[in-house]
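Same order as they appear, the protein sequences are chains A and B. Position one of the first sequence corresponds to residue 1 (my numbering), numbered consecutively onward. Position one of the second sequence corresponds to residue 203 (my numbering), numbered consecutively onward.
Derived from the structure by calculation, the hints contain no laboratory data. Idealized CB from N, CA, C, for every residue including glycine. Don't take each hint at face value.
Said to hold, decoys possible - Straight-line distance between alpha carbons at most 25 Å, and here's what the computed SDA-like set of lysine to any residue pairs gives:
(1) 646/B - 153/A
(2) 646/B - 91/A
(3) 480/B - 470/B
(4) 646/B - 113/A
(5) 646/B - 101/A
(6) 646/B - 74/A
(7) 646/B - 52/A
Said to hold, decoys possible - Okay, the calculated beta carbon distance ranges per label pair:
(8) 686/B - 25/A: 22 to 28 Å
(9) 130/A - 451/B: 39 to 45 Å
(10) 451/B - 46/A: 28 to 34 Å
(11) 40/A - 479/B: 46 to 52 Å
(12) 264/B - 66/A: 32 to 38 Å
(13) 567/B - 115/A: 54 to 60 Å
(14) 451/B - 81/A: 19 to 25 Å
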Amino acid sequence: MLESAPTAPGIQADRPMLDRFHGGAWVALHPNVRVIWVVSALLSAGFTLVLFSFLEFYFLWGKPFWPFLFPVGALTAGGAITLPSLVLVGAQYRNWRFALRESELLIQYGVIWRTKRSIPRSRIQHVDLQSGPVDRMLGVVQVSVYTAGSLAAVASIPGLDPGLGEALRQELLRTSSVVPPPPPGPAASPAPGADDMPRFSL
Amino acid sequence: MAYQKAPVRSPTDSVQNWRRLHVATIAIEFLKVLRSILGLLAIILLTRSAGGREDASELPFVILGSLTVFGALAKYLTYSFAVSGGNLIIRSGWLFRQNRTIPIDRIQNIGLKRGVVHRMLGVVDLEIETASGRGAEATISVLGIEEAERFRQELLGSDHRPTMPAPTGTKALVPERLTAGYSVYKAHLGELMLAGATSNRAGAILAFFSSLIVIPGTVPELRELHGRFLQVFGGGSGSELTAYVSAALFLILGGWVIAIVQTVVQYYGFEIRQGDGKLYRKFGLLTTIENVIPQRRIQMLRIRSPIVQRWLGYCSLDASTAGTFAESEPGGRQALCPIVSIDDSREVSRRVLPGYDPSRVVWTPVHPATVFLTGLRISIVLSVLMGLAVAYLSWSSYGFAAVVAVAFGVAYLQYRARAYSTSPDFVVSRSGVLTQDTCVVPIKKIQHVLLTQSPAQRRWGLASIRVATAAEISGGHLEIVDIPLSDAEGLQTTLTDGASAAGAWLPDGV
Chain A
1 MLESAPTAPG IQADRPMLDR FHGGAWVALH PNVRVIWVVS ALLSAGFTLV LFSFLEFYFL
61 WGKPFWPFLF PVGALTAGGA ITLPSLVLVG AQYRNWRFAL RESELLIQYG VIWRTKRSIP
121 RSRIQHVDLQ SGPVDRMLGV VQVSVYTAGS LAAVASIPGL DPGLGEALRQ ELLRTSSVVP
181 PPPPGPAASP APGADDMPRF SL
Chain B
203 MAYQKAPVRS PTDSVQNWRR LHVATIAIEF LKVLRSILGL LAIILLTRSA GGREDASELP
263 FVILGSLTVF GALAKYLTYS FAVSGGNLII RSGWLFRQNR TIPIDRIQNI GLKRGVVHRM
323 LGVVDLEIET ASGRGAEATI SVLGIEEAER FRQELLGSDH RPTMPAPTGT KALVPERLTA
383 GYSVYKAHLG ELMLAGATSN RAGAILAFFS SLIVIPGTVP ELRELHGRFL QVFGGGSGSE
443 LTAYVSAALF LILGGWVIAI VQTVVQYYGF EIRQGDGKLY RKFGLLTTIE NVIPQRRIQM
503 LRIRSPIVQR WLGYCSLDAS TAGTFAESEP GGRQALCPIV SIDDSREVSR RVLPGYDPSR
563 VVWTPVHPAT VFLTGLRISI VLSVLMGLAV AYLSWSSYGF AAVVAVAFGV AYLQYRARAY
623 STSPDFVVSR SGVLTQDTCV VPIKKIQHVL LTQSPAQRRW GLASIRVATA AEISGGHLEI
683 VDIPLSDAEG LQTTLTDGAS AAGAWLPDGV
């Protein structure tokens, strides 16, 4: 059964790990995902700092005490944007969970605004396994689930152990009774005649 | 390793009987491109008159014009199509060539579309639809009427479609399918005028134009324009008030007439027939559209009723489909009835969604706390706007109390309007004060269900539900706002289980 689903290159499905979560128990994310969130919060802080520096040069240049006002303004702006997300990383991690039920994939997250999403397993069109450079450094992958008529992923589970992610992907595809797509790889130019294929999703 | 080119035999190599488009393609294509670059032309004209430079001013026109003519010619010369080996093969393009093969037995239907120019030249667009659920698979533009009809019969009546009726002659533009089945709905001219007159669109047009009047008064650069406006509408009296009142009246009437004319032109002769699990639509005064909606492709039915229509006992119906055919209606929302009496709408809904019975819907109201939550939301938005008005236009700040009162009044009306209902097969929601919206989603069409809780909702133990279908991009989703959390969670589970039990989703399936 599982052997029929193709495996992403370099990742072995950790079936026993997934089986432990069967029966619909809530599963937490990989602890390293907190590092990813911290890194992205710091990146956005850096971006804000740069943006604000330009703005301040434009507006503060030549004003009294401007060399002192400059860092204060930039740091305040950067901090105002970054601090909340840094503070909430712990709570966000505790609140992020998913469950694989018999007929649905359940995903719950959010600290201030809370969201619980349920996707019938029969409606899943395809499942992506993604990992960026930071993900790979920290040894996690991201699983994205798509349904018909959705342009972006309906649900993305960030930060999963690669083995668990791959096992989850195979499990979701196995039960969705939709022909699984080829494994994710470098984007190839579309095959000749690809345009003639019937397209099912918008 | 040396790369060896494999001998490729394209399926088109053996095709002999290539067909060409009608010569009028050149004219139609030229006009199509011209229409799309109209904005660009306007910009060039404006900059030319502003710049005042006479030299080289003709150059952009020459370039654009020759590109347009060349493009139109190229399309006519390079576009060809043929039927071979059970496939429809379409070859097009000169720099970028394209070969498209459509298996004839996959062709679901062939629509004919004509604009005004098409009619003057006696030609039609042939829109070929497959089950891909993604708009017209191919548009052959343009063919002569008789040739198009003959080709349509050839495709639909070939051995690959043994169920299709025999050709009924080449003269008739109206194919037999539009006389087959039975008529579900027909719009009369008077009703269409009523639809235009009562659609809240007139308000939008009015708002747009009134912004054009008010803004010039406050922007110094446009003072002169404003002065001219006062002259025209003030009737020489020079009074600003007279000018504004008469201009407003003029715009209301104007916007109203525009809305009426728009609706009549768009939906003239609207008719839906039903047969064989499909809805056949035909409408339009200038651009006539004939198309087919397989009923199973309908993801959501929406009944809209603007306030005036509701008083008069009317509403309109549209359906969100996963794949749309008519390019004139982007986004997959297809009008089913531009206007229909509320009594008749029940019958139409029953026929469009088999198994759905509007008269048996038992509404569950949302939680009363929605008055407070919605009132708060509206107050915040209005207060921000009010704050801006106070800061920049030096309006009086006494209005805040009134703003809050209005917000909570609206919130109460919204609470009254909101309700939902579920049955084993359908989930229905109702909302809206000015325009009442009723959405019906077959549970087997659900793609996923979202439950959200804002901080304020958590305080009251409430939640909102969003039910998404495959037509979500074009607004094919249903929302139930502010119901108790336990109800929302129960609803989420019920809907998900129901969708799951229906099995895999296909555009025409389930």
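Against the structure, the hints come out as follows:
no.	hint	verdict
1	646/B - 153/A	holds (21 Å)
2	646/B - 91/A	violated (36 Å)
3	480/B - 470/B	holds (21 Å)
4	646/B - 113/A	violated (29 Å)
5	646/B - 101/A	holds (19 Å)
6	646/B - 74/A	violated (53 Å)
7	646/B - 52/A	violated (51 Å)
8	686/B - 25/A: 22 to 28 Å	holds (26 Å)
9	130/A - 451/B: 39 to 45 Å	violated (59 Å)
10	451/B - 46/A: 28 to 34 Å	violated (57 Å)
11	40/A - 479/B: 46 to 52 Å	holds (50 Å)
12	264/B - 66/A: 32 to 38 Å	violated (54 Å)
13	567/B - 115/A: 54 to 60 Å	violated (24 Å)
14	451/B - 81/A: 19 to 25 Å	violated (49 Å)
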